[in-house]
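J.: These protein sequence lines are chains A and F, in that order.
Mapping of the first sequence onto my numbering: residues 1 to 363, in sequence order.
Mapping of the second sequence onto my numbering: residues 364 to 669, in sequence order.
What the hints contain is simulated information worked out from the structure, not anything from laboratory work.
Hints are not guaranteed to be accurate.
Said to hold, decoys possible - With a cut-off of at most 30 Å between alpha-carbon atoms, the simulated DSS-like pairs for lysine-lysine come out as follows:
| no. | chain 1 | residue 1 | chain 2 | residue 2 |
| --- | --- | --- | --- | --- |
| 1 | A | 135 | A | 79 |
| 2 | F | 509 | F | 633 |
| 3 | A | 112 | A | 158 |
| 4 | F | 592 | A | 112 |
| 5 | F | 666 | F | 592 |
| 6 | F | 666 | A | 112 |
| 7 | F | 592 | A | 79 |
| 8 | A | 175 | A | 158 |
| 9 | F | 620 | F | 633 |
| 10 | A | 79 | A | 112 |
| 11 | A | 280 | A | 303 |
| 12 | F | 666 | A | 135 |
| 13 | A | 25 | A | 74 |
| 14 | A | 135 | F | 592 |
| 15 | A | 79 | A | 25 |
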Amino acid sequence: MTPETTFAIDVQNAVKRYGDFTALKRVSLSIRDNEFFTLLGPSGCGKTTLLRMIAGFEEVTEGAIHLFGDDIVKLPPHKRPINTVFQNYALFPHMTVLENVGFGLEMLGSTKSEARARAGEALDMVQLSQFAARKPSQLSGGQQQRVALARALAPRPKVLLLDEPLSALDLKLRKAMQIELKHLQRDTGITFIFVTHDQEEALTMSDRIAVMSAGEVQQLGDAREIYDRPRNMFVADFIGETNLLEVSVDTVADGQAACHLGGGHRLTCDAVEGIGPGAKVHMSLRPERLTLSSDPTQGDSLKGRVRENIFSGTDISTILDLADGPEFRVRAPNSSRGDRRTFEPGTEVFVNMEQGAARLLMD
Amino acid sequence: MAGGAATGGSSTSDTYAEARTWLLLPAWVTLGILVLAPVTMMLIYSFLTKEFRGGVIWEFSLSAYDQFFFDRGLFGDDPPRIEWTYIQIFWRSIWQAGAATLLSLVIGFPTAYFIATRAPAQRTFWLFLVTIPYWVNLLIRTVSMKFLLRDQGPLNEALLGIGIISEPLSIVNTNVAVQLGLFYSYLPFMVLPIYAAVERYNFTLSEAAADLYASRWTVLRRILLPSVKPGIIAGCILVFVPSMGSFLAPDLLGGAKNFMIGSLIEEQFKGNAGNWPFGAAASMILLTLVLIILLIFARQQSKAES
Chain A
1 MTPETTFAID VQNAVKRYGD FTALKRVSLS IRDNEFFTLL GPSGCGKTTL LRMIAGFEEV
61 TEGAIHLFGD DIVKLPPHKR PINTVFQNYA LFPHMTVLEN VGFGLEMLGS TKSEARARAG
121 EALDMVQLSQ FAARKPSQLS GGQQQRVALA RALAPRPKVL LLDEPLSALD LKLRKAMQIE
181 LKHLQRDTGI TFIFVTHDQE EALTMSDRIA VMSAGEVQQL GDAREIYDRP RNMFVADFIG
241 ETNLLEVSVD TVADGQAACH LGGGHRLTCD AVEGIGPGAK VHMSLRPERL TLSSDPTQGD
301 SLKGRVRENI FSGTDISTIL DLADGPEFRV RAPNSSRGDR RTFEPGTEVF VNMEQGAARL
361 LMD
Chain F
364 MAGGAATGGS STSDTYAEAR TWLLLPAWVT LGILVLAPVT MMLIYSFLTK EFRGGVIWEF
424 SLSAYDQFFF DRGLFGDDPP RIEWTYIQIF WRSIWQAGAA TLLSLVIGFP TAYFIATRAP
484 AQRTFWLFLV TIPYWVNLLI RTVSMKFLLR DQGPLNEALL GIGIISEPLS IVNTNVAVQL
544 GLFYSYLPFM VLPIYAAVER YNFTLSEAAA DLYASRWTVL RRILLPSVKP GIIAGCILVF
604 VPSMGSFLAP DLLGGAKNFM IGSLIEEQFK GNAGNWPFGA AASMILLTLV LIILLIFARQ
664 QSKAES
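In isolation and in its complexed conformation, chain F is listed as follows (with noise of 0.2 Å):
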């Protein structure tokens, strides 16, 4: 091959490719042992059959799936029923994963914004901050959030100090508590991209739509979103989706009643009373769906774009 190299111009394009198989081979790698590997196993796992005290045996079924969906009675011999047990999970998981998604978005976009119009030297300080608070492990801060919303907590405390409330709000164990220790979660994965967006953003597009009479309104309407949309849909796409799989926050916040899906995944493989199959079925039935929603947004932003 060194010898082709030498011989003319016309094997450069030969040496690209070759240096280029060369180059990409550790991403493949790592992509190859972190993503697909862990995928095939889950995907052969669901269809496998369980073994009672955690495990699998190798003999196919599709038990896991049937469970997930059906419901036979007790006994497993009544005419299948749909069982909405998991649905509902699944549906509440969705729901939880887009009220927080939507929640960093109205408190991730105007600090953002905030940060990427001050001065670049104060931008550091002010992106720094936002940090700060993940530097400590999430389930720490996930307690912390606990403490800070239980009924004698500071949040009731200084609420019914100022006289806004006469009885202490319960908030822990119910929705909102999930959304909010969510949205605390992933809040950075939304200021950072949106953040990147609006720093390259031109403003002086901004002032050619005020000079072509838009009110600020319009300006930040048909002007500044639509030009940091890509900014805010990665933001989007970053907090829902380990919104989606988070058991975190959901059980530690959210109480029994508040299950959401990764934690009905986690308990399927913890200690002895899991169903493998079964929660690698689940896993795959996430997989889809969190595919089939990116799948639906990719559509709709070519779609507008064309």
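Excised from the complex, chain A in its bound form (with noise of 0.2 Å):
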């Protein structure tokens, strides 16, 4: 099997095994050119170590990676035109912002001169040419953050590998450097491999998305897939909110699948391929493709009993108790418009669903 030389990285049945410990079961992945990939997944769902073999850092068990069609698994990490941004951004601490920049393009044979022009034009690009002079220690957080981005991109690597750069900045921060990242990903034209546990970072910012849990990976999409149309019980309890319901399907027929749960109540929702008649599994309804009323409405509705409003600035959750179901949750945006109410602790309620908001799930 000649591997596709269009791809920027090429993971093809890789395995990294510590003594009788397997961090990565047999993970494929194909990272296409110009792309903000990110891998996402709780800690120790071998994200970090699928990145880290890629940088070099991590030899291979099994399997192989290319870079744009070249074999890269045997080479040291110095010979790899990949570099990374380090969770803790690694800042050499003895040389200036701008030596730490240029080290880079002074390794790869740059003249000093040369080295500290193009490292000056990186800087330039996360606007800290002002600190130029330097030391690591004399920055903030943030601005560290953005040496370490400028350090990693001044000599132009093939691939940038990012390991969860973010997650040590504030919010206010972490969300503008989100929208910055992006940028900077559209504008080098450079392939971004992000990596991060954070969901809502990785559906604001990814081309695609890979789910990883367990050293595999559950999913691979785009942001609006993978949280829209989620394949398993882990991709759909691990992204967003979501109520996960056990559900038993009746009929499967014309893309349509009829389930019911166990206090009888009906519903219908989208078919899933490998899911047929008679299976036990789960649904899942996002909380916010759910509205209440008082009577039912034309489809499919649920009843329960309200137990508790939350106020949440923006959102209104309510937790209701289901018929002989689970706790259950319904998100309303805070919103002045009438059209949603809100119901007393105590009141009976029924739960109505929009179109295609139930989905079901492999285990």
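Put the two chains together into one complex; each comes in its own frame, and the hints tell you how they fit.
T.: What follows is the structure, given as structure tokens:
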């Protein structure tokens, strides 16, 4: 099998074992050129291991990694045209900001003056030119972050790896950096591979996302796909907030699956390949795609009793007890428009769902 | 004062100042008794007149320093010429201590690096191994060194055995023996500070440098060494300074020709043949020399930092 040369990074059946522990179980991923690609998952899912294998810091136990068609598995890190932005920045403390940014260029054989000039340009790109002569310790966390970014971008790598680079920043700065990173990726045209455990960050920035868990890729797709059409329990639960209900599938016809819940409620939703009649599976219902009303509307609805309302600024969440069911959440935007009512605790209500709100999941 | 403290916050700083004075007192007393007093005594003694069976006559004299630097002939009435004997001994001491320090660094750095990069639980074990020989008295260790190095000793036997040499190497009573002796005496003082520095070193920096196309050698030279430099300098000082003043290794391993300042000073205070003011003067000169070397080190260090 010849790897497609158009892929920036092509990982084929990569396995990583530490003694008896398998950190990565046969992962295959093809990352396109000029893509903002995110590896998303909880800690210990293998995302950082995969990133470190691409960078060359971890050996590949089995499998292949190609960079634009070239096998790089045997190359040491310093021979790979791939640069990394480290989680804690890893700026060289004894060098100035400019020396830090120029280091890679100097190592690649640029003359001192050339390295300086291009490092200066990279610093311009992250708006830090005025700090060129400072030591990293004299900068704030956010500034250090941008120096690390400039340092990794200055040698114009073919692929840039980012290992949870925003996790140490406060919320506001993180949001600003998310947009800046996205713009940098677009302007430089470099392929970014971004590792994070923050699903919102992943959804905001990525062209495509690989959701990982337990050393495997659970789902690969763009933000909409992952959020709206989670493939399995893990993805649905990990990405965003959701209600998981146990259902039995009765019939499947015309792309629609008819199911029933324990309490006798009946629901229909889009059929999913691999889930046929008689299957007992979970169904995901996103809280923001549900509405409450005092009467059942046309289509499917579930009956429940309001337990409590929680105000969180942008939204109001209502926690319900379903008849014979688990706890259930419905979320409505905090809007002055009158079409959404808040019900007092104890009230009997009906939960109405939009088209496509319910999604059947593989286990 | 207690009333003052109770009246308000403005007196807290006074209370702190008072507490600080009292808390620092033990340190000042210790420094005074163990450092300042002996050095002052030495300084005074170096300007006194010698008594023939050891001891001093309380009479001001520059003769100790004069004897160190100038040769005025057998009867002391020739025109003064520079006395090279003692200057040479000093020069040899610097050289020997420098060589021992370099040897300790070359062996100690990889050792420290090796220990600091083991799993945390194993580090203690390796450090323990490094320090085990130092539970034995220095004198015994130095004598043992002589046995190891002598012509029919295990080192020569082994080298002869594998056929690297055809005749035993005469190491004992040479400079090399002294350097080996000093190196062995003070090696842990090199290993421990470097170990502490490497242990604190953030190895992600090495990865970052490798990621930015630096080879292993460049990573060592440009990133690791500058980062652990304070540990290396501390180690060098801790080996160099006691090596300069050492007399056991040169006496036992170097023989009569490889005299160092430590031995020279020791002789002046031993038995009846000594010359206390001269010994004190030599000590003061040694102290000054070491201080100058340390100052140059410190100056270089602060220049490199700014």
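J.: Kindly indicate which numbered hints from before are broken by the structure, ordering the numbers from low to high.
T.: Per hint list: zero violations.
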